[in-house]
Amino acid sequence: MFEAIAFYLFAFLTIAMFYITVTTSQALYALSALAAGMIFISAFFFILGADFLGAIQIVVYSGAVMALYAFGMMFFDTTRDVKEKQGNKFIVVGLSVISAVLVVAIFSAPILGDNITALYPMIEGAGNTQEVGLVLFTKYLVPFEVAAVMLLVAMVAGIVLAGKKMDASLTLMSENDIRLMREEKNKKVLS
Amino acid sequence: MEIGLNHYLVLSTILFAIGLVGVMRRKNLLMLFFATEILLNSVNVAFAAISHYYGDLTGQMFAFFVIAIAASEVAVGLGLLVVWHKRHNNIDLDNMTSMRG
Chain E
1 MFEAIAFYLF AFLTIAMFYI TVTTSQALYA LSALAAGMIF ISAFFFILGA
51 DFLGAIQIVV YSGAVMALYA FGMMFFDTTR DVKEKQGNKF IVVGLSVISA
101 VLVVAIFSAP ILGDNITALY PMIEGAGNTQ EVGLVLFTKY LVPFEVAAVM
151 LLVAMVAGIV LAGKKMDASL TLMSENDIRL MREEKNKKVL S
Chain U
192 MEIGLNHYLV LSTILFAIGL VGVMRRKNLL MLFFATEILL NSVNVAFAAI
242 SHYYGDLTGQ MFAFFVIAIA ASEVAVGLGL LVVWHKRHNN IDLDNMTSMR
292 G
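If you read the protein sequences in the order shown, they are chains E and U. Counting from 1, position 145 in the first sequence corresponds to residue 145 in the working numbering; the numbering is continuous, with no gaps. Counting from 1, position 21 in the second sequence corresponds to residue 212 in the working numbering; the numbering is continuous, with no gaps.
Just chain U, with the same shape it has in the complex:
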């Protein structure tokens, strides 16, 4: 039984769907960050698989850049979250409606 590219793409789809469900149903912003990490990781799996099956290193390069972007996103996002928590004492998404038109 040979594991092909399609297996990895299907796995990536399943992980991406799980992450999207998390993004849509979570209310706590910290939990929302967890779901975005799942999204980024599922795409990384697809990149690495395509890179392997086509003998090309570009996919792995982009996976590196995605990891770098994820790390900086966590740093900035947690900083903003700390500021919001200091000021309002909760991090629920439904309370962040100050920009409602």
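Chain E on its own, in the form it takes in the complex:
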């Protein structure tokens, strides 16, 4: 009973938050609604008994990803309203619904065919975090390492892409140097 109440409450909240995210014209509202939706998504993981996944969801999305997006919004000019594409609304909604139904068909086809067997069944008496650790560091060790390398590559790429011209520290330079640097930059932009 409580599970049903929690499911419907959080389903409604999540759908409302994500609907605000895709329809609002203010970037700040979209960011806040997305952060709230991520927290509500983690509630489903807690209901489903995947405690560790829920904690990771809160830490990674509401902590790291939202901080990155907040940085991006400070960097870009987001005070003006976001312009939308003027397209046929029926085509957009129709294509989305068809694709979403296709995704569910992909998920449910093996279930309907009774083709699913538990490869790594849950261990009796062990907590969710313990189970996750046991499976992740035995059967999924190689994908785990590959994911670690991929995160390292992403970090290096982020530094290389966004960190250009950041070796010049504005707080340590004299006023004259800053003015010269700005003029040089303007010349480059105009040419």
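Keep in mind that the hints were calculated from the coordinates and are not lab data.
Restraint-style ranges between C-beta atoms, simulated for each label pair: (1) U:Lys277 with E:Val97: 37 to 45 Å; (2) U:Leu284 with E:Leu28: 17 to 25 Å; (3) E:Phe137 with U:Lys218: 40 to 48 Å; (4) E:Met181 with U:Leu284: 25 to 33 Å.
Every residue gets a Cβ at the ideal spot worked out from N, C-alpha and C, and that includes glycine.
For chain E, the structure is supplied; the task is to place chain U on it using the hints.
Just chain U now, kept in the frame of chain E:
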């Protein structure tokens, strides 16, 4: 009233449809990234639900990997976006037509 696997799959479908609508109608690239996050999260819900109802941990493992991929995608995508914004001073999708044939 028992909450079954179908409830979670329907919820996942609705969230996925919302994300796809966002991808198709947004013009600002930052907003497009928000919509891709919604897509990835909706699939994560489906993975966790299937993992729970079949007593198998593989779904949760793949949800972890999806989260890792989403985090690195945001890092690289925002880096590229910063470079583009420095050079062209906007991040609208319609201006990125330099590769038009």
